Amino acid sequence: MARKYFGTDGIRGKANIFPMTPDFAMKVGIAVGVLFRSKATSRRVVIGKDTRLSCYMLENALVAGFTAAGMDAFLLGPIPTPAVAMLCRSLRADIGVMISASHNAFYDNGIKLFGPDGFKLSDEKETKIEALLDSDISELPLANCEEIGRAKRVEGDIYRYIEYAKRTLPRDVRLDALRIVVDCANGATYKAAPRALWELGAEVIAINDEPNGFNINQECGSTDLTSLRNKVHEVRADVGIALDGDGDRVLMVDEKGQMIDGDQLIAVIAEHWHKTGRLHHKGIVTTVMSNLGLERFLSEKGLKLIRTDVGDRYVVDMMRQKKYNIGGESSGHIILSDFCTTGDGLVAALQVLACMKESQQPMSQLCKRFEPVPQILKNKVVHNKNVLQKSEVQAALTKASEHLGKEGRLLVRASGTEPVIRVMAEGDDRKAMTAIVDDLITLIARHDHD
Numbered sequence: 001m002a003r004k005y006f007g008t009d010g011i012r013g014k015a016n017i018f019p020m021t022p023d024f025a026m027k028v029g030i031a032v033g034v035l036f037r038s039k040a041t042s043r044r045v046v047i048g049k050d051t052r053l054s055c056y057m058l059e060n061a062l063v064a065g066f067t068a069a070g071m072d073a074f075l076l077g078p079i080p081t082p083a084v085a086m087l088c089r090s091l092r093a094d095i096g097v098m099i100s101a102s103h104n105a106f107y108d109n110g111i112k113l114f115g116p117d118g119f120k121l122s123d124e125k126e127t128k129i130e131a132l133l134d135s136d137i138s139e140l141p142l143a144n145c146e147e148i149g150r151a152k153r154v155e156g157d158i159y160r161y162i163e164y165a166k167r168t169l170p171r172d173v174r175l176d177a178l179r180i181v182v183d184c185a186n187g188a189t190y191k192a193a194p195r196a197l198w199e200l201g202a203e204v205i206a207i208n209d210e211p212n213g214f215n216i217n218q219e220c221g222s223t224d225l226t227s228l229r230n231k232v233h234e235v236r237a238d239v240g241i242a243l244d245g246d247g248d249r250v251l252m253v254d255e256k257g258q259m260i261d262g263d264q265l266i267a268v269i270a271e272h273w274h275k276t277g278r279l280h281h282k283g284i285v286t287t288v289m290s291n292l293g294l295e296r297f298l299s300e301k302g303l304k305l306i307r308t309d310v311g312d313r314y315v316v317d318m319m320r321q322k323k324y325n326i327g328g329e330s331s332g333h334i335i336l337s338d339f340c341t342t343g344d345g346l347v348a349a350l351q352v353l354a355c356m357k358e359s360q361q362p363m364s365q366l367c368k369r370f371e372p373v374p375q376i377l378k379n380k381v382v383h384n385k386n387v388l389q390k391s392e393v394q395a396a397l398t399k400a401s402e403h404l405g406k407e408g409r410l411l412v413r414a415s416g417t418e419p420v421i422r423v424m425a426e427g428d429d430r431k432a433m434t435a436i437v438d439d440l441i442t443l444i445a446r447h448d449h450d
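Going by the working numbering, the letters in the sequence shown line up with residues 1 to 450, in that order.
Honestly, the hints are just simulated from the structure, not real lab data.
From a predicted model like this one, the values you see are computed outputs, not experimental measurements.
Honestly, I wouldn't trust all of these hints.
[As the list claims (entries may be wrong)] With a Cα cut of at most 30 Å, we get these calculated DSSO-like pairs of lysine-lysine: (1) K4 / K166; (2) K191 / K166; (3) K275 / K231; (4) K357 / K323.
Using the sequences and the hints, build the whole thing.
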């Protein structure tokens, strides 16, 4: 059953437009607090945020809701999403909240929820929350006056996260002699990422590390590598690291300014962990968007690749089911379950840097693990995502899939976070893939206005 408020990554929308309004955010706090209060061990919620202007508004609204429901709120301030997941466990909280719209522009925002184990909430839990959200607010059972919660702003937890990230590397691994440019996307990692790299011995040049509430993900970070590439060239860096607004994804740039996507980063880590006996059950989990070249590369090494729907929560669910310890997406969400319960851009980057130091190879050589199969991906903004269900569109999709056969892949899906349909064709013939995608985009556009 389709959910009303939750998408693939929490509740999301434009700030001050439903559902990202202060009154609804307060109701979310009440609903989640009511649901978790009955089985709570500490009646404690940790709340983090990124650097968008609307985070102040939503943070205060959530605090009002949670405290009204009888939960104590610990406010972490601007901090990466994986830090919230980690601190949820470390501080023995019953629920963790991250206020962020990840890689989206400042005018969007969202609410991500984590359970006491640090994992994102299950579909079942989110469905129960939606049922409470559909109730009249006067029907939600608030705490009595003696049990109203308190709010406390916590200082210094960003340094706990930095230490946690550093400890994912062996103590003898240092980054001395590496010149690293890190693009913080004017987001939640603007303190943690440069500091962690510096403490490990690297020469760090931080860019886009001055958030002002509006510039998060603005022509920077993992969604726009231009400034990172330019800075890597300018300072002759060994490597560039691009994080997104909430720090749960990472892309990298080699010393030549060439992009290294999530698939190549996963390949580097998986190969190294396999060689050192750390890879569980000889397999990894990715999504349907990961390149066929990665699958072929792993197959040659006797390793399995399991695909899920797009969304890191689905990757994590499959990892837990199969007991795999590496998973991720080509977009840069990389989950290393030996350390993390969600994607962690800084931790993933550190594992690649450790491989670089051990191999003594430049990034351009280390991260060229496979030749990507040509993959043509285009997005179409639509008014109605149900356009994919129209008979003529369905017939065209079937025909295109049959044309590709076993030599390629076709993926057409509606985004879970944006009013967009993504069309991707993958195969060795780039020209043919481009033609297939263009034809389908044209057809979708025509039927979107029917």
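Verification of the hints:
For the given pair, K4 sits about 39 Å from K166 by alpha-carbon distance, which is inconsistent with the 30 Å threshold. Taking the CA atoms of K191 and K166, the gap is about 14 Å. The hint holds against a cut of 30 Å. Restraint check for K275 and K231: not satisfied, since their Cα atoms lie roughly 34 Å apart, outside the 30 Å limit. Simply put, K357 and K323 have alpha-carbon atoms about 29 Å apart, close enough for the 30 Å limit, and the pair holds.
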